[in-house]
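Mapping to the numbering used here: the sequence shown position 112 is 112, numbers consecutive.
Hints listed in this document are in silico derivations from the structure and should not be mistaken for laboratory results.
Do not rely on the hints blindly, as some may be mistaken.
[Said to hold, decoys possible] Quick list of simulated restraints, FRET-style, between CB atoms: (1) 74 <-> 222: 32 to 40 Å; (2) 124 <-> 196: 48 to 56 Å; (3) 196 <-> 269: 14 to 22 Å; (4) 156 <-> 182: 34 to 42 Å.
Idealized CB from N, CA, C, for every residue including glycine.
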Amino acid sequence: MRVTLVQGDITEQRVDAVVNAANSSLMGGGGVDGAIHRRGGPAILAECRRLRASKYGKGLPTGQAVATTAGELPARWVIHTVGPVHSAEQDRSAQLASCYRESLKVADSLGAASVAFPAISAGIYGWPLDSAARVAACTVKAAHTGVEEVRFVLFDHDAHTAFQQAVESSGPTNDEIVAALSAQPADRWREVFETGDVGLLYQLGVVVGFDWPLWRRTTTVDVAGAPVSDAVRLATSIVRAERFGGPAPDLDMLKPILDRLRRWYETER
Numbered sequence: 001m002r003v004t005l006v007q008g009d010i011t012e013q014r015v016d017a018v019v020n021a022a023n024s025s026l027m028g029g030g031g032v033d034g035a036i037h038r039r040g041g042p043a044i045l046a047e048c049r050r051l052r053a054s055k056y057g058k059g060l061p062t063g064q065a066v067a068t069t070a071g072e073l074p075a076r077w078v079i080h081t082v083g084p085v086h087s088a089e090q091d092r093s094a095q096l097a098s099c100y101r102e103s104l105k106v107a108d109s110l111g112a113a114s115v116a117f118p119a120i121s122a123g124i125y126g127w128p129l130d131s132a133a134r135v136a137a138c139t140v141k142a143a144h145t146g147v148e149e150v151r152f153v154l155f156d157h158d159a160h161t162a163f164q165q166a167v168e169s170s171g172p173t174n175d176e177i178v179a180a181l182s183a184q185p186a187d188r189w190r191e192v193f194e195t196g197d198v199g200l201l202y203q204l205g206v207v208v209g210f211d212w213p214l215w216r217r218t219t220t221v222d223v224a225g226a227p228v229s230d231a232v233r234l235a236t237s238i239v240r241a242e243r244f245g246g247p248a249p250d251l252d253m254l255k256p257i258l259d260r261l262r263r264w265y266e267t268e269r
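Please model the entire structure based on the sequences and the hints provided.
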């Protein structure tokens, strides 16, 4: 998956799907929401009304996503998602991350190869730009999706700069992690499995710069069934947490990670 950035107007993007930072009513609003409804025309609102009359009688929940026609936009679909309002008292980053993950799931169900995202919640919902960019970049780069290009469309220079920095520092993609694991010599893997020390994974160099606290907050992992890239992220987050003053690794948590890595090494790579 390619992650690209554009400073400009999301309603002008020629992609398969554009993501709308909608409100729960799905009836249009200000900012990106209003711009998409104005440019896309009445067909979008008509489908939103049908959704409200059927599946979403109480509105679209925060963090969820649903698709409609794109109307007169130069895209095939609009994927509507409801971002959280920022709170200084409550960590809502999981809801913000869910907007990106759920939108990509909808894109996969549509067969969309290219998706344009705005900076969700970074406008009138008050999310600090740097934080919004980190959540977006980390979530998208960790997503398991068939989408070939994710395009962040930013409204001004400051937003573009924040997202560029976040994308460049948010850590490796799934493919990059797998490639780095595959390149490690057999004796390194024997050492990991014989000692049971996932701390050695930190030394593999595949997670430099990854924002581990954010990933742990926003991602839930069933390690046994997870892609190996997620197992590595979880292992690294645990090790880095300890090294930066967190608790010692939980052996009950490390064992399934090592089991998942062993299965990848022996049967999948």
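Now for the hints, and whether the structure bears them out:
no.	hint	verdict
1	74 <-> 222: 32 to 40 Å	39 Å, holds
2	124 <-> 196: 48 to 56 Å	50 Å, holds
3	196 <-> 269: 14 to 22 Å	20 Å, holds
4	156 <-> 182: 34 to 42 Å	41 Å, holds
Violated hints: none; the structure is consistent with every hint.
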